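**Q** So you can see what is in the structure, the chains are spelled out below.
There are 2 protein chains.
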Amino acid sequence: MADLDPRLAADTEAIAQWPLSRVLLMKDAAYPWLILVPDRPNLVELFDLEPTDRARLTEEIARAAQTLKRLTGADKINVGALGNVVAQLHIHVVARFRGDPAWPGPVWGKAPPVAYPPEVLAKRLAQWREALA
Amino acid sequence: MADLDPRLAADTEAIAQWPLSRVLLMKDAAYPWLILVPDRPNLVELFDLEPTDRARLTEEIARAAQTLKRLTGADKINVGALGNVVAQLHIHVVARFRGDPAWPGPVWGKAPPVAYPPEVLAKRLAQWREALA
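Top to bottom, those sequences are chains A and B.
Residues in the first sequence are numbered from 1 upward in steps of one, following the working numbering.
Residues in the second sequence are numbered from 1 upward in steps of one, following the working numbering.
This is chain A alone, in the form it adopts within the complex:
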């Protein structure tokens, strides 16, 4: 496996390993939030992936988005590949709700993450690991 950027590692919990991507939970209780990290070395931009891996990533993003929609009943799923702070290619898949703290703006760079109460985190991890296995 490619090394995970230390900041990504610090901000997330592992959920699943898919054929291409690690699936991570972003530790921000303000939003149901997944991060996909394609497990190939030296990726920064989407176009750094081989086309077959890119197609695989797209299907993994769609699966993550659809599962998040089903699990949360979100009004909208936001998908983003920014990488202005952490260079290693990673894709955010975030469940958004009308009236959430950043709505209708983006979640990135808005406010520091809200810590999960440990029991809420444990429950979410258990549920999501099962749903996304």
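Please keep in mind that the hints were generated in silico from the structure rather than gathered at the bench.
Just so you know, these numbers come straight off a predicted model, no measurement behind them.
Heads up, some of the hints might be wrong.
[Stated by the list, open to error] In silico BS3-like cross-links for lysine-lysine, where the CA-CA straight-line distance does not exceed 25 Å:
| # | chain 1 | residue 1 | chain 2 | residue 2 |
| --- | --- | --- | --- | --- |
| 1 | B | 27 | B | 110 |
| 2 | B | 76 | B | 27 |
| 3 | A | 110 | B | 110 |
| 4 | A | 27 | A | 69 |
| 5 | B | 110 | B | 76 |
| 6 | B | 76 | A | 110 |
Based on the hints, put chain B in the right spot on chain A.
**A** Below, chain B alone, put in the same frame as chain A:
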């Protein structure tokens, strides 16, 4: 062709018609910014697309991102599908530079668009229409 959301139509200029997507220039002189709109009816989420169209969209995003990188020498390309304001599925592909007005945050919801001087817009449209034809 599927109808283009009136707000997308008002905020953009047409650049090209690709096999799946309309390619649009976002009229914000602060950032070199493309928007891809898959030309299918009733799309809101990425997972509303058929898998073959989704693969096609991914290749079109990669092409747009790579061309923007080449044209601008950007430090990073940001790709996002948000849709919190405009529901019609559309994908932002934005060239980002260290020190640009929103760096390292996202461009969305940051500040009102900066109008292009007409001659700058005309030149950019001509250049990008050729590069992205």
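**Q** Next, verify each hint and record whether it holds.
**A** Now the hints, each set against the structure:
1. B/27 with B/110: holds (15 Å)
2. B/76 with B/27: Holds - the C-alpha atoms of residue 27 of chain B and residue 76 of chain B are around 20 Å apart, at most 25 Å.
3. A/110 with B/110: holds (10 Å)
4. A/27 with A/69: Distance of about 18 Å is within 25 Å: holds.
5. B/110 with B/76: holds (18 Å)
6. B/76 with A/110: Measuring from Cα to Cα gives roughly 20 Å; hence the hint holds.
Violated hints are absent here; each numbered hint is respected by the structure.
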